[in-house]
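Colleague: Listed below are the residues making up each chain.
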Amino acid sequence: MREEFDVAIVGAGPAGISAACILADAGVKTIVFERGEYPGAKNMSGGVLYGHDLAQILPDYAERNCPIERNIVESRIWYLSSDAGYSLGYRDGVFAATRKHNAFTILRAKFDRWYAEQARKKGALIVPSTVVLDLLRDAKCQVAGVVTGREQGEVRARVTLLADGINSPLAARTGFRREPKPEQVALAVKEIIDLPSEVIDQRFGVSGTDGVTTEILGAVTGGMDGVAALYTNRSSISLAIGANLADFAAGKLKPYELMESFKQHPMVAPLIAGGKPREYIAHWLPEGGYDAMPALYGDGYLIAGDSAMLFNALHREGNNLAMASGRMAAETIVESLRRGDLSKKSLAGYRERLAASYVLKDMKKYRRFGRFRYQHKELFNELPRVATFAGREMLTVNGVSKKEKQRLIVRTVRKEVPLLKLLRLLWQGWRAVR
Amino acid sequence: MHIVCCIKQVPDTAQVKIDPETNTLIRSGVESISNPYDVVATETGVRLVEKHGGKVTIISMGPPQAESALRQCLSLGAADAILLSDRAFAGADTLATSYTLARAISTIAAADPVDLVICGRQAIDGDTGQTGPGIATRLGYSHLPYVSEIVGVDIEQRTITVKRLVEGGTETVQARLPALLTVELELATTRYASLPEMVRSLRQDMRVLGAAKIGAAVERVGIKGSPTWVRDISAPPAKKGGPVFLVSGGSDSGVEDFLRTIEAKEPELLQELLSKGRA
Amino acid sequence: MPKNSKGRDVAQIIPDKCIGCQLCVGQCPVGAIEMQDGVAKIDPEVCIGCGKCLDVCPVAAVLFEKPAKKRLTGVGQKPRPLDEYRGVAVFIEVRDGKGAEVSWELIGKARELAGKLSTQVQGFLLGSGIGDVAREAVYYGCDTVHAIDSPALQTYLSRTYGKNLVRLCEEVRPEILLLGATPLGRDLASVAATTLETGLTADCTGLDIDREQRLLLMTRPTFGGNIMATIYCRSHRPQMSTVRPGVMKTPKRDPERRGDIRITGFQATEGELPRIIDFVARAAEAEDIARSAVLVVAGKGACDARDLPMLRELAETLGGTIACSRPVVQAGLLPYTRQVGQTGKTVAPRMYIGVGVSGAVQHLVGMQASEKIVAINTDRYAPLVQIADYALIGDYREIVPKLIEGLKARAASSTAR
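First to last, the sequence lines map onto chains D, A and C.
What the first sequence shows, in this note's numbering, is residues 243 to 676, in sequence order.
What the second sequence shows, in this note's numbering, is residues 334 to 612, in sequence order.
What the third sequence shows, in this note's numbering, is residues 12 to 428, in sequence order.
Source of the hints: derived by calculation from the structure; they are not laboratory data.
Incorrect hints may appear among the rest.
[Said to hold, decoys possible] Okay, derived cross-link-like pairs now, BS3-like style, lysine-lysine, Cα gap no bigger than 30 Å in a straight line: (1) D:K505 to A:K573; (2) D:K518 to C:K52; (3) D:K496 to A:K573; (4) C:K419 to A:K609; (5) C:K17 to A:K546; (6) C:K109 to A:K609; (7) C:K109 to A:K496; (8) A:K609 to C:K383; (9) A:K546 to C:K14; (10) A:K598 to C:K52; (11) A:K609 to C:K260; (12) D:K619 to D:K663; (13) C:K52 to A:K546; (14) A:K598 to C:K17; (15) A:K496 to C:K356; (16) A:K496 to D:K494; (17) C:K127 to A:K573; (18) A:K557 to C:K14; (19) C:K14 to D:K342; (20) A:K573 to C:K28; (21) C:K17 to A:K609; (22) A:K573 to C:K383; (23) C:K311 to D:K496.
[Stated by the list, open to error] Computed Cβ-Cβ distance ranges for the label pairs, DEER-style: (24) A:P396 to D:S449: 29 to 39 Å; (25) D:T654 to A:S567: 22 to 32 Å; (26) C:K14 to D:G391: 49 to 59 Å; (27) D:R355 to C:K419: 34 to 44 Å; (28) A:P576 to D:R306: 46 to 56 Å; (29) C:D271 to A:T594: 26 to 36 Å; (30) C:Q397 to A:S567: 16 to 26 Å; (31) C:E223 to D:R333: 50 to 60 Å.
Remember, it's a predicted structure, so these values are computed and weren't measured experimentally.
Idealized CB from N, CA, C, for every residue including glycine.
So here's chain D without its partners, still in its complex pose (with noise of 0.2 Å):
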């Protein structure tokens, strides 16, 4: 194609519309290319995003309309065995007052068009339906734009930010990106469920526009590392539930199976009954965490959001991480661009900028995290039956003394996990976090 640009974007997702919205308010002649008939078709999360970083690209986002699920009040965490769990939740007030839309839910159909169009509306060209399939390069091999799959669909640009996501075809190709191995990939299904919205209501104790999330983690992956969620939107609910791609190739049990087994859990069951499930899709995350990132930037590009596996799974962080990085690659785009000099060497600034942020921060913080769960499976297997047992054990009124109710607990535990085990879990399980 003929004409030029000054950047072109790959992947209309939040990684690359922040980017958008950043070039085009500093007038950088801007084009995203899309490969969903429509940003947010080819898209998944479980679907929290927070506003803190969507404020950093939009501050008026609430004006904007923004389309806003539900404004989360209360977070939960469940730890579930095959027919009963534990929950711990934390609600607070000041999330639906003065810190409101700390946290909320959104559905990325409808989140991602709008996003899209509000970057469309600041004046980047965002062009859906079309892929791209290779990075043009220059006489000095660097990068010089993209190489789209439409008749004359070569564009020039000055620099090109990957935001493809996880699975990068485009990654693959071009050698930026070594493809993940199975184990530092999750492989996600997700539901939306339709449930009126009075119903979410009450059984959540909320009103109207505010919402509760709960992270999931227990027996209910099969017995593999996983994680599951359940969210509040506004007249569904989105479950999801995913696991370490490893696993799944090692196991027996299918996607939809768990997310079956999933929804039968009578602590998830009552939850969504009489609801109609909408929609089903699925997807990888990228659970590779610091260890597994690419070079985030080169001659001429940068890489931003999924594709440079930027995830923080321990606190659902992936949207707004995206966000960030897609925001600071602009930054420093639009730095890079008034200098004059878009190699290496001045794209510098980009790591610079998320080294700084809690964004690499964070990541080199859990860097230890993913290895660590997929390495203790007793997490997902033994822990919940002992948890369960110990739980039930107690709670159950049959005349059995508490103490030798005690004694049996212990004893239980120390055959299923032995002690030096469970010592070795906490440690490893601190430095994993700490």
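Could you slot chains A and C onto chain D? The hints should help.
Modeller: Relative to chain D, chains A and C alone:
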């Protein structure tokens, strides 16, 4: 040649459902697409002007969201896009729709004479196939429905020759321009637009015309101009699935069990079908 | 009761009561309700005062009083005195010199409708040398047949047929006109309805009468069959409807039946007519799958050219034909004319047998109205299997030959009886 193509934005029918309990249309989250027949109509128009020179104008009657359907068809190579949008147009049945589109085409033709109007044979939501013939009747254009192939256009003689699907076969017909064609899906495979065309279509300004601009009488458009009304909507009887017969290597009984079951449950149906069988 | 600028009673939302469940938005037949800031809002200018929103609102947030009787005028042309229209007319389509089967089916239905309206059945017949067809129309149930016989009507052209059918409608003034939803019928119906400025409802699967208001109630599938709509044409005549072949039952043919056959003169059209240059009959390969009573449909799981003869045999044993899903067309095994689905053909055979068809939504939409669905698949959880009336789980290469054998045995034994 000046060709006008009529486009309709329709819900992706695969996703539209009705809630059998509350009897309401579940429209939330349903994607809108360009009616596939109309996309073929546009592709046909573009190919004709590529061959004979001229331009394609695409028009669509719909709410502001219909703009994305128009842009998709623009990217195929149409020169101009007009959205007919007006509160008054809402709730139109095919009579009111054909009136509105016919008025729009007359307005366009007054400024730039129209040689050919191409419509898709039917829209996948209404499935009526009535709008195209309705427009032709109102405009008095030669009317060629169910076109499966364009044989040729003779600009000097002002004729168009097409093949169309009729009962039992294919007819070759020649008609004078201006003409209106309704096209079958097999007429053309739509092109994958080039990147410059995509970009052009995304940037193009779209003209939006209301009832007044096209000289449409307010009592003949929209709900006011629609003799037919929807009295009720309901879900079709839900299919719940029936007996399952397992057939595994070697053992005969699965198929026999099935045949015996279906014989017992629908004896007349089986009889009737077998009697029409040709062994 | 609030009224809009046209003086019509309209509904209003009580914002404080509205919980934003959006049930009313979906229910409104004219899209007059929108969500604004989380509550519903009705546009009074679009609202037609049907009261559906009131019916469906779970929290009584709609302010509306349904009037006892609604009278609406000003739709299109001035209202005609409806009493002047009487009779149920059926357009008789002629094919190869004979009446089309669908026309007889419609006459049968027309008799039923006419009975409820205490009126007569009229046949409208256009063609060349159609004396026999007119008589047949009487035998199948027409009280009167109005025929226009002219060489100019030998082959169907929209304008000539349109003009003459409209003339019959204006002279005879039927209150209802039915046509078969064939390519010819659908085109002609639309031309006539547009000229007469009346309402036309296509592809009806059900017809009934509201005796009190003398209205034809027409039921048809929309949105690819996911929704059934009942439609009526209040103030315009004739109330027009097209019905697909095979939907209504063929009535008994009674050669003793007496009826009136009236010949009307042909009216030529002005201006130049399209010229028919050629006609090529369709080869057997391109049979219309939408007209077959039985379809054996090959899916991605049975996409093998070597198995096609076997599938054809199964189809033929039941008097049907083969069809396929999109992947099979894309693989080049069968032509596009055999494709069932959203972008292919919509079919509703008496029996649909899916072989290796998973049942992607785009395919289901094209066949879910089939009377009986049989699924042959290895995957028990395939969507088609979930909705099939009967499912055979296993390898089709084993199942189909056994099916053919079993069916042939039954066919043989029943003819032997």
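Colleague: Confirm or reject each hint.
Modeller: Cross-check of the supplied hints:
1. D:K505 to A:K573: 21 Å, holds
2. D:K518 to C:K52: 26 Å, holds
3. D:K496 to A:K573: 24 Å, holds
4. C:K419 to A:K609: Since the Cα atoms of K419 of chain C and K609 of chain A sit roughly 12 Å apart, the hinted pair holds (cutoff 30 Å).
5. C:K17 to A:K546: 22 Å, holds
6. C:K109 to A:K609: 22 Å, holds
7. C:K109 to A:K496: 25 Å, holds
8. A:K609 to C:K383: Judged against 30 Å, a Cα distance of about 17 Å means the pair holds.
9. A:K546 to C:K14: 28 Å, holds
10. A:K598 to C:K52: 51 Å, violated
11. A:K609 to C:K260: 17 Å, holds
12. D:K619 to D:K663: 12 Å, holds
13. C:K52 to A:K546: Given pair K52 of chain C, K546 of chain A holds - Cα atoms ~28 Å apart, limit 30 Å.
14. A:K598 to C:K17: Measuring from Cα to Cα gives roughly 57 Å; hence the hint is violated.
15. A:K496 to C:K356: Roughly 20 Å separates the two Cα atoms, so the pair holds.
16. A:K496 to D:K494: 56 Å, violated
17. C:K127 to A:K573: Answer violated: K127 of chain C to K573 of chain A is near 35 Å, above 30 Å.
18. A:K557 to C:K14: Answer holds: K557 of chain A to K14 of chain C is near 16 Å, not above 30 Å.
19. C:K14 to D:K342: 41 Å, violated
20. A:K573 to C:K28: Distance ~37 Å between K573 of chain A and K28 of chain C Cα, so the pair is violated.
21. C:K17 to A:K609: With a Cα-Cα distance of about 59 Å, the restraint between K17 of chain C and K609 of chain A is violated, given a limit of 30 Å.
22. A:K573 to C:K383: Holds. K573 of chain A to K383 of chain C sits at ~12 Å (cutoff 30 Å).
23. C:K311 to D:K496: With a Cα-Cα distance of about 21 Å, the restraint between K311 of chain C and K496 of chain D holds, given a limit of 30 Å.
24. A:P396 to D:S449: 29 to 39 Å: 32 Å, holds
25. D:T654 to A:S567: 22 to 32 Å: The hinted range 22 to 32 Å is violated for T654 of chain D and S567 of chain A, with Cβ atoms some 57 Å apart.
26. C:K14 to D:G391: 49 to 59 Å: 56 Å, holds
27. D:R355 to C:K419: 34 to 44 Å: Violated: the Cβ-Cβ distance is about 56 Å, outside 34 to 44 Å.
28. A:P576 to D:R306: 46 to 56 Å: 55 Å, holds
29. C:D271 to A:T594: 26 to 36 Å: 51 Å, violated
30. C:Q397 to A:S567: 16 to 26 Å: Once the Cβ atoms are compared, 22 Å apart, the range 16 to 26 Å for S567 of chain A and Q397 of chain C holds.
31. C:E223 to D:R333: 50 to 60 Å: About 58 Å separates the Cβ atoms of E223 of chain C and R333 of chain D, which means 50 to 60 Å holds.
Hint check: violations occur at hints 10, 14, 16, 17, 19, 20, 21, 25, 27 and 29; the rest are consistent with the structure.
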